[in-house]
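**Q** Chains as they are written, first to last, in the numbering used here: chain P, 1 to 296; chain S, 1 to 296.
Hints are supplied without guarantee of correctness; some may be wrong.
Here are the computed lysine-lysine pairs in the DSS-like style, where the Cα-Cα straight-line distance is at most 30 Å [stated by the list, open to error]:
no., chain 1, residue 1, chain 2, residue 2
1, P, Lys105, S, Lys105
2, P, Lys10, P, Lys169
3, P, Lys100, P, Lys180
4, S, Lys180, S, Lys47
5, S, Lys105, P, Lys247
6, S, Lys10, P, Lys105
7, S, Lys105, S, Lys47
8, P, Lys47, P, Lys247
9, P, Lys169, S, Lys105
10, S, Lys169, P, Lys105
11, S, Lys10, S, Lys262
12, P, Lys172, P, Lys105
13, P, Lys247, P, Lys105
14, S, Lys262, S, Lys247
Just so you have them, the derived chain P footprint on chain S, three or more residues with Cβ under 8 Å [what the hints assert, rightly or not]:
no., segment
15, 130–139
16, 159–165
Per label pair, the in silico range of CB-to-CB distance [stated by the list, open to error]:
no., chain 1, residue 1, chain 2, residue 2, range
17, S, Glu295, P, Thr239, 58 to 66 Å
18, P, Ala201, S, Arg22, 39 to 47 Å
19, P, Ala275, S, Ala201, 48 to 56 Å
20, P, Glu269, S, Glu36, 32 to 40 Å
It should be emphasised that the hints constitute simulated quantities derived from the structure, not laboratory data. Idealized CB from N, CA, C, for every residue including glycine.
The chain contents come next:
2 protein chains.
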Amino acid sequence: MPFAIEQYLKTRAQAVEDVLNRLLPANLQSPPPIAEAMRYSLLAGGKRIRPILCLATVETLGTDWQSALPAACSIEMIHTYSLIHDDLPAMDNDDYRRGKLTNHKVFGDAIAILAGDGLLTYAFQILSEHAADGMERSMLAIIRELSRASGVQGMIGGQVADIRAEGRKGSKETLEYIHKHKTGDLLTASVRIGAIFAGAAPHELSALTSYADKLGLAFQIQDDILDVVGDQAKLGKQTGVDATLEKMTYPAVYGLQESIRKVRVLTEESFASLAQLPYDTTILRAIADFLVHRES
Amino acid sequence: MPFAIEQYLKTRAQAVEDVLNRLLPANLQSPPPIAEAMRYSLLAGGKRIRPILCLATVETLGTDWQSALPAACSIEMIHTYSLIHDDLPAMDNDDYRRGKLTNHKVFGDAIAILAGDGLLTYAFQILSEHAADGMERSMLAIIRELSRASGVQGMIGGQVADIRAEGRKGSKETLEYIHKHKTGDLLTASVRIGAIFAGAAPHELSALTSYADKLGLAFQIQDDILDVVGDQAKLGKQTGVDATLEKMTYPAVYGLQESIRKVRVLTEESFASLAQLPYDTTILRAIADFLVHRES
Numbered sequence: 001m002p003f004a005i006e007q008y009l010k011t012r013a014q015a016v017e018d019v020l021n022r023l024l025p026a027n028l029q030s031p032p033p034i035a036e037a038m039r040y041s042l043l044a045g046g047k048r049i050r051p052i053l054c055l056a057t058v059e060t061l062g063t064d065w066q067s068a069l070p071a072a073c074s075i076e077m078i079h080t081y082s083l084i085h086d087d088l089p090a091m092d093n094d095d096y097r098r099g100k101l102t103n104h105k106v107f108g109d110a111i112a113i114l115a116g117d118g119l120l121t122y123a124f125q126i127l128s129e130h131a132a133d134g135m136e137r138s139m140l141a142i143i144r145e146l147s148r149a150s151g152v153q154g155m156i157g158g159q160v161a162d163i164r165a166e167g168r169k170g171s172k173e174t175l176e177y178i179h180k181h182k183t184g185d186l187l188t189a190s191v192r193i194g195a196i197f198a199g200a201a202p203h204e205l206s207a208l209t210s211y212a213d214k215l216g217l218a219f220q221i222q223d224d225i226l227d228v229v230g231d232q233a234k235l236g237k238q239t240g241v242d243a244t245l246e247k248m249t250y251p252a253v254y255g256l257q258e259s260i261r262k263v264r265v266l267t268e269e270s271f272a273s274l275a276q277l278p279y280d281t282t283i284l285r286a287i288a289d290f291l292v293h294r295e296s
Numbered sequence: 001m002p003f004a005i006e007q008y009l010k011t012r013a014q015a016v017e018d019v020l021n022r023l024l025p026a027n028l029q030s031p032p033p034i035a036e037a038m039r040y041s042l043l044a045g046g047k048r049i050r051p052i053l054c055l056a057t058v059e060t061l062g063t064d065w066q067s068a069l070p071a072a073c074s075i076e077m078i079h080t081y082s083l084i085h086d087d088l089p090a091m092d093n094d095d096y097r098r099g100k101l102t103n104h105k106v107f108g109d110a111i112a113i114l115a116g117d118g119l120l121t122y123a124f125q126i127l128s129e130h131a132a133d134g135m136e137r138s139m140l141a142i143i144r145e146l147s148r149a150s151g152v153q154g155m156i157g158g159q160v161a162d163i164r165a166e167g168r169k170g171s172k173e174t175l176e177y178i179h180k181h182k183t184g185d186l187l188t189a190s191v192r193i194g195a196i197f198a199g200a201a202p203h204e205l206s207a208l209t210s211y212a213d214k215l216g217l218a219f220q221i222q223d224d225i226l227d228v229v230g231d232q233a234k235l236g237k238q239t240g241v242d243a244t245l246e247k248m249t250y251p252a253v254y255g256l257q258e259s260i261r262k263v264r265v266l267t268e269e270s271f272a273s274l275a276q277l278p279y280d281t282t283i284l285r286a287i288a289d290f291l292v293h294r295e296s
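Based on the sequences and whatever the hints tell you, model everything.
**A** Here it is, written out as structure tokens:
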């Protein structure tokens, strides 16, 4: 019987939703409307791919996935803050995200900036508050992992390179830098944080990192492809945006067919990395398979 | 012989400067101009009050202050990011800071937002990378302290309340909320982080927290007073700005004389808290004394 991936993703996304809602409650003591603004974007749905990748890795390595929910949710907070700031008029100037008005369109630029800052800061607060006894060293490693992946040598660096590349004729190296760092680093960190949480051995961490690196790049190329051929209604956002902004994308640089081929090759490579692990990797395979075949 | 506070502050500020410069070198591998933008604001001088308060607390409790330099510098990174974001056109829209053009005036709004995000993230990275063996539990407590003090229930919350209060007739409670959180929380955290680093006992942490709370409020009222009576050249920034923006300040709410009296009372109270400690608190007294008598 094939693994019921859609059911799996649905139940895990719901668990993430519940814990996000509990970690950042509507009645959080703070001056209005900052908690509301943070919740507006944090609880706007989304596929919760990053926390689910973290939880799936924990489960694959035989550790209770529910105990990793706060750590997994901290990754989603980082992801959400980056979307809020990316959407700002000073950056990509987007009005819609996941079919809803963007944060600054609802709360204004000042609150949107602060809501992003707040989520970024809260991610590290949550991690520092959820280290079980004896887990202090692992939790510090997780904080190191998340800060490096989301910092100027990771996600922020990718965003800087992306902004600089707009409207220019960039190299393939620039395209790869942007994809690796803007999206890839946080996806890889999601898997690595799960592995560190579950106490993975170095060679296991290494195989899982390779799986995540390949999957992350495949995921981003698929994202580029969907911007060209995707269904606007299913995606919940405008398509053709990258071309309008003259963004560097895989289809723009390599063509559509070659991009589709790259996704397939990377997916196979990610499966090969999983095959090195002495565990049942059904879930991680199924997630990869789902992500590269998604239509939204 | 009186304690040579100016000499002390100068040498400690230089030590902070050196370590900031080493932690965030000009050749940090990252896409231009993000490292340059972060360094522009981080190394723009300033009194380095927060890291120095941290180091002075460590020294007062008998621990090697130099070992606390990375932790102290992480506080300055948080402070600097908050200034960059506060200065943005969407927030206070300031063109000058410490006598230099603000970050977004030099690098543009997008890079300024990302430079702030980068410094905020880097602060936690630095902490997670500098836990000596056996210090893991303390370092997690320090990360907890810094994230809480700078988050939506701390500094960011104060900034939200400040933005909301502009141009309105606010209550004394609002004024106190803004002062306590926007500036006070990070100053108090600076002392508490030093205390946690040095392994302070609970009652010592409590006395030091009280010292820092009083000093923080006195410092902020003094800041408000200088905006009314200060010398623009000495301050390196425009005075009278608060009144123009109809910001809530102590002189505006309580009058100048009562504000000056409050600073004196709070300073005495901060000294009384120090007197509860079984240590030579000369340095912490001298810092408080210096800060409330400063002209810039």
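**Q** Now, for every hint given, state plainly whether the structure supports it.
**A** Outcome of the hint check:
{"no.": "1", "hint": "P/Lys105 to S/Lys105", "verdict": "24 Å, holds"}
{"no.": "2", "hint": "P/Lys10 to P/Lys169", "verdict": "41 Å, violated"}
{"no.": "3", "hint": "P/Lys100 to P/Lys180", "verdict": "27 Å, holds"}
{"no.": "4", "hint": "S/Lys180 to S/Lys47", "verdict": "20 Å, holds"}
{"no.": "5", "hint": "S/Lys105 to P/Lys247", "verdict": "25 Å, holds"}
{"no.": "6", "hint": "S/Lys10 to P/Lys105", "verdict": "46 Å, violated"}
{"no.": "7", "hint": "S/Lys105 to S/Lys47", "verdict": "22 Å, holds"}
{"no.": "8", "hint": "P/Lys47 to P/Lys247", "verdict": "24 Å, holds"}
{"no.": "9", "hint": "P/Lys169 to S/Lys105", "verdict": "27 Å, holds"}
{"no.": "10", "hint": "S/Lys169 to P/Lys105", "verdict": "27 Å, holds"}
{"no.": "11", "hint": "S/Lys10 to S/Lys262", "verdict": "28 Å, holds"}
{"no.": "12", "hint": "P/Lys172 to P/Lys105", "verdict": "34 Å, violated"}
{"no.": "13", "hint": "P/Lys247 to P/Lys105", "verdict": "23 Å, holds"}
{"no.": "14", "hint": "S/Lys262 to S/Lys247", "verdict": "19 Å, holds"}
{"no.": "15", "hint": "130–139", "verdict": "holds (count 4)"}
{"no.": "16", "hint": "159–165", "verdict": "holds (count 5)"}
{"no.": "17", "hint": "S/Glu295 to P/Thr239: 58 to 66 Å", "verdict": "59 Å, holds"}
{"no.": "18", "hint": "P/Ala201 to S/Arg22: 39 to 47 Å", "verdict": "34 Å, violated"}
{"no.": "19", "hint": "P/Ala275 to S/Ala201: 48 to 56 Å", "verdict": "54 Å, holds"}
{"no.": "20", "hint": "P/Glu269 to S/Glu36: 32 to 40 Å", "verdict": "36 Å, holds"}
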